[in-house]
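**Student:** Okay, here's what each chain looks like letter by letter:
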Amino acid sequence: MAARRDPDMGIYLNHFQAMTLFALVISIAFGFLSRRGASERFKYIAWSLILFLLIGVGIGWAMYPFSR
Amino acid sequence: MTGEANTTPENATSALAYQPRSEGVAIVIGAAGWLLPGLGHAILKMWGRAVACFLTVGLLVLIGVGLRGNIFSSDAGDAFGMLGYIADLGTGSFYFAARALEPLGSDVAHAGGDYGTRFLAAAGVLNLLAALHAYEAARGRKA
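Protein sequence lines, in the order shown, are assigned to chains S and P. Using the working numbering, you'd call the opening residue of the first sequence number 1 and step up by one each time. Using the working numbering, you'd call the opening residue of the second sequence number 1 and step up by one each time.
The hints are simulated quantities; they were obtained by calculation from the structure and are not laboratory data. Incorrect hints may have been included.
Heads up, simulated DSSO-like pairs for lysine-lysine below, C-alpha to C-alpha not over 27 Å straight-line [what the hints assert, rightly or not]:
| hint | chain 1 | residue 1 | chain 2 | residue 2 |
| --- | --- | --- | --- | --- |
| 1 | S | Lys43 | P | Lys45 |
| 2 | P | Lys45 | P | Lys142 |
| 3 | P | Lys142 | S | Lys43 |
Between the sequences and the hints, there should be enough to build the whole structure, so can you do that?
**Tutor:** Okay, structure coming up:
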């Protein structure tokens, strides 16, 4: 599961790792831009991250019947 | 809010940050935010947002380059390529850093490279959003 680094291939991330990393970074940026105060920001980041992941996995499941 | 509460250094900085500035100054602040992610907010003394913008945009660019995503150039050829170029250029100076950091070129034959392209585009769009936020904050319309 851990990300590995190959000089020729760059970083390797699997689908879930890439999605989680993307969701985390975007959630942090949105949290800092749209909320003031540490508590408000933390709540926003946590909710945004959870929703990103749930919706991402949900869309993945919804597409599964059409994947082959 | 009492007068005493407004005299703390934190509130004084905050009040300075939310003072409406002229249109020209706000445009310069927005442009600075685009050129170097977080600089617009730093000028407004919004330190948390400045650091967050710099780190998140920088991290997205680094991951995008590490995944060997496609960094579009101005001679993209088609509309989608041009859109990708505009999105990538949204990272400002980080666009040129990304080009310098990707000596092997892009590799979109693998899923990782495709993800990297999206990370780079998202970094640019996010920085444009942050620059717009800095502009709005400078005009006193957004806190």
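**Student:** For Lys142 (chain P) and Lys43 (chain S), compute the direct alpha-carbon distance and say whether it is at most 27 Å.
**Tutor:** It holds: about 20 Å lies between the C-alpha atoms, which stays within 27 Å.
**Student:** Verify the proposed pairing of Lys43 (chain S) with Lys45 (chain P), using a straight-line Cα cut of 27 Å.
**Tutor:** Measuring from Cα to Cα gives roughly 24 Å; hence the hint holds.
**Student:** Taking 27 Å as the top limit, are the C-alpha atoms of Lys45 (chain P) and Lys142 (chain P) close enough?
**Tutor:** holds, 14 Å
In summary, this structure violates none of the numbered hints.
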